[in-house]
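Number of protein chains: 2
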Amino acid sequence: MTRCTDFTHDPAARSWVGSANGHGDFPVQNLPLGIFAPPSGPPRGGVAIGSEILDIAAIAALLPDDARGVAPLADRATLNDLLGVGNDALRALRHGLFRLLTDPASEEAVRPALHSMTRCSLHLPAHVGDYTDFYTGIHHAENVGKLLRPDSPLLPNYKYVPIGYHGRASSIRLSGEDVIRPNGQTLPPGTQTPIFGPSKRVDHELEMAIWVGRGNALGQPIPIAGAREHIAGLSILNDWSARDIQAWEYQPLGPFLAKNFHSSVSPWIVTMDALAPYRVAQPPRPKGDPAPLPYLLDPADQESGALDVTMEVHLSTARMRAEDRPPHRLSCSSMTAMYWTAAQLITHHSVNGCNLAPGDLLGTGTLSGASDESKACLLELTQGGREPLHLPGGESRAFLEDGDEIIITAFAEAPGFARIGFGECRARIAPAPGLEP
Amino acid sequence: MTRCTDFTHDPAARSWVGSANGHGDFPVQNLPLGIFAPPSGPPRGGVAIGSEILDIAAIAALLPDDARGVAPLADRATLNDLLGVGNDALRALRHGLFRLLTDPASEEAVRPALHSMTRCSLHLPAHVGDYTDFYTGIHHAENVGKLLRPDSPLLPNYKYVPIGYHGRASSIRLSGEDVIRPNGQTLPPGTQTPIFGPSKRVDHELEMAIWVGRGNALGQPIPIAGAREHIAGLSILNDWSARDIQAWEYQPLGPFLAKNFHSSVSPWIVTMDALAPYRVAQPPRPKGDPAPLPYLLDPADQESGALDVTMEVHLSTARMRAEDRPPHRLSCSSMTAMYWTAAQLITHHSVNGCNLAPGDLLGTGTLSGASDESKACLLELTQGGREPLHLPGGESRAFLEDGDEIIITAFAEAPGFARIGFGECRARIAPAPGLEP
Chain A
0 MTRCTDFTHD
10 PAARSWVGSA
20 NGHGDFPVQN
30 LPLGIFAPPS
40 GPPRGGVAIG
50 SEILDIAAIA
60 ALLPDDARGV
70 APLADRATLN
80 DLLGVGNDAL
90 RALRHGLFRL
100 LTDPASEEAV
110 RPALHSMTRC
120 SLHLPAHVGD
130 YTDFYTGIHH
140 AENVGKLLRP
150 DSPLLPNYKY
160 VPIGYHGRAS
170 SIRLSGEDVI
180 RPNGQTLPPG
190 TQTPIFGPSK
200 RVDHELEMAI
210 WVGRGNALGQ
220 PIPIAGAREH
230 IAGLSILNDW
240 SARDIQAWEY
250 QPLGPFLAKN
260 FHSSVSPWIV
270 TMDALAPYRV
280 AQPPRPKGDP
290 APLPYLLDPA
300 DQESGALDVT
310 MEVHLSTARM
320 RAEDRPPHRL
330 SCSSMTAMYW
340 TAAQLITHHS
350 VNGCNLAPGD
360 LLGTGTLSGA
370 SDESKACLLE
380 LTQGGREPLH
390 LPGGESRAFL
400 EDGDEIIITA
410 FAEAPGFARI
420 GFGECRARIA
430 PAPGLEP
Chain B
0 MTRCTDFTHD
10 PAARSWVGSA
20 NGHGDFPVQN
30 LPLGIFAPPS
40 GPPRGGVAIG
50 SEILDIAAIA
60 ALLPDDARGV
70 APLADRATLN
80 DLLGVGNDAL
90 RALRHGLFRL
100 LTDPASEEAV
110 RPALHSMTRC
120 SLHLPAHVGD
130 YTDFYTGIHH
140 AENVGKLLRP
150 DSPLLPNYKY
160 VPIGYHGRAS
170 SIRLSGEDVI
180 RPNGQTLPPG
190 TQTPIFGPSK
200 RVDHELEMAI
210 WVGRGNALGQ
220 PIPIAGAREH
230 IAGLSILNDW
240 SARDIQAWEY
250 QPLGPFLAKN
260 FHSSVSPWIV
270 TMDALAPYRV
280 AQPPRPKGDP
290 APLPYLLDPA
300 DQESGALDVT
310 MEVHLSTARM
320 RAEDRPPHRL
330 SCSSMTAMYW
340 TAAQLITHHS
350 VNGCNLAPGD
360 LLGTGTLSGA
370 SDESKACLLE
380 LTQGGREPLH
390 LPGGESRAFL
400 EDGDEIIITA
410 FAEAPGFARI
420 GFGECRARIA
430 PAPGLEP
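In order, the protein sequence lines correspond to chains A and B.
Per numbering that gives the first Met the number 0, numbering through the first sequence is continuous, rising by one, with the last residue being 436.
Per numbering that gives the first Met the number 0, numbering through the second sequence is continuous, rising by one, with the last residue being 436.
A portion of the hints provided could be inaccurate.
[Unchecked claim] Calculated pairs, BS3-like style, for lysine-lysine (alpha carbon to alpha carbon, straight line, at most 25 Å):
(1) 199(A) <-> 158(A)
(2) 158(B) <-> 145(B)
(3) 158(B) <-> 199(B)
(4) 199(A) <-> 158(B)
(5) 199(B) <-> 158(A)
(6) 286(A) <-> 158(A)
Keep in mind the hints are simulated off the structure, nothing from the lab.
From a predicted model like this one, the values you see are computed outputs, not experimental measurements.
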């Protein structure tokens, strides 16, 4: 298996930043990229290390030659330029940062560039030029398909085409920002005439976000063999959905207002290098499924193009918080639920010549697994709302109510390697605005 | 009818720029906005006047107070900031520019800021943050629907929901840039297994592009009564489509690779003020059609929210050019084919809180009228390719071949007013790239 691990993945490595050692998300083996603003100063690029953030551009002069050139690209309000340098350069930066943060001799020089995370504001890591949402969770596609088309849940193209559609870039927001319940048209069951008002079926969707690194020019597809080099890293994504609006609007051109009111993304980009130890073979396709067409098939990608990342979804209601109850776990799933690898998504997206750019975001689609506990949205967990969930404390939920908060976490671990995490993607539902007269 | 015309719409007005007088597209009554680069110098904002371009920022000091503040916003490589000031400020700019270009006393001071259009390069007028394509051409929707679903061509939501979907912003290109034929998966008729290769059914789609001016904050819908103020102006749009890729991929999430390989837009934004004389009442809905839901209904919009803009599509094949034949007219249609007004699209798009930004682009959808000659794409003109068009010179076409060029023009005229035009949106099909081994 081509994991391509190196000294930065040594589980015994320790940082002189004490909070990093044993940190569940951000040990020195992770070094995820993000945009932060210290208490006084504009937003800029940093890496999370334990409970602190290292200002990358501030320590550029301390880096070796091969990383010193790119570090100043972090001195911007977005990481687009840094992500665009490609993974070789990002690896050199990772190596340089790792050495500085593990070598006690560097502490004195580096320490002034460290900021306590709790005293900083975090920002969207990149300006998202285009956002594409895929549909790689085959169990999700089957579960949702069953609700809509009991006799043919999966359409004939699903196992050939990495199905995806364009989403809205402008409404992608950082974890923590409230999600305003959307108003819209819905068709009440058993009627023929739509009504207008707040959505009654707001749902979360557990996804991972794939950040595009190096882009491609219009008309120049990205071959599958090199596609991995165009992926900078991953964050957690919650693709909020209004199921009642979706059911009424989505034919024939796909989801629109049911999705574009808000998408939440976690602040830290866990790089492909950080994820190297957790690469696994793409799970074999079920017997009888067709092989991917040749343009999507690369032996190395099949051998190590999947990622063993575990994701958990928790719900915290207003009453749970008032009663000091902990959030309730809704589901636990894995990125191995993806029917297509991330590299296959990049190649398929560009095979017609479509141009991707640094900072573009690809959603994996809702990553439900085969088990009930891995169902990754309420639509699946409640059988389309027909079987509400019973929550500790006596509450129940078919879909989300105002004040409900969804918290998604993710982490990766593997024998012989450290555990690294993604932090969290968290947001709360706020009431719909009043209707205009 | 609330046309809101003023002295800038006086058909008798003449400019000291001689080429403007009687110009089919750019008389002084038009003054469309665009981005140009003179032979030496970076891209910047200008207005087309006859066969010349006026550098807006260069004459800022000559403008009256209310326009002098915004003119420097044209000194950028995109018009986003200028479009974002809103239509009142754009109107003040229009008034100031009109006075300078009609007053012979201004010629000496203004002349140095004029550039011959043929010596300049033109650029995309704005950075498109998000691109949304609507489906307002009801005849197109019916014609396409008949090909797919002969018994129910229009889905039940069509007359209630302004159907739209998100397109790809990164592949929007200026008129003139070649369109590379896309490779992709298609399902040959009568088979069950897709093949991969160049699309055999590349098509044009005649649309108009609506440029968003002032935006809205996430969670703050734009009421219908004020929606017109969020539209900066219009250009011509060709939404290139690969019908064979589309047919195989589009279920259940809508068009993706069939559309995102290229969209062409004309260089000049004809402002809403320039279009004021050509406003007409929204054509009454056919008997039996439901009224729009209240959030989409505004008396002023119904009374003057449609636009009487005529559009023509011409095809020029490589052989026509070799034999010095003129382009062949494929269709002639009108923006009055829109089932929804531009203001209704703005309001619907934002009604769930989705945020629009200056420079966002909304496509109208393919604007076929009721007649055969107004069918606005080859899919309709050739009955899904079954009845190829016979062209002068003995050629025929079901879909576009390499070397074919589509030229779309548009203009508006009304009794008592000048004719103004949009220039042209033109692009040629280039061969697909070779397939990777």
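Here's how the hints hold up against the structure:
{"no.": "1", "hint": "199(A) <-> 158(A)", "result": "violated, 33 Å"}
{"no.": "2", "hint": "158(B) <-> 145(B)", "result": "holds, 16 Å"}
{"no.": "3", "hint": "158(B) <-> 199(B)", "result": "violated, 33 Å"}
{"no.": "4", "hint": "199(A) <-> 158(B)", "result": "holds, 23 Å"}
{"no.": "5", "hint": "199(B) <-> 158(A)", "result": "holds, 23 Å"}
{"no.": "6", "hint": "286(A) <-> 158(A)", "result": "holds, 12 Å"}
Hint violations for this structure: numbers 1, 3, all remaining hints satisfied.
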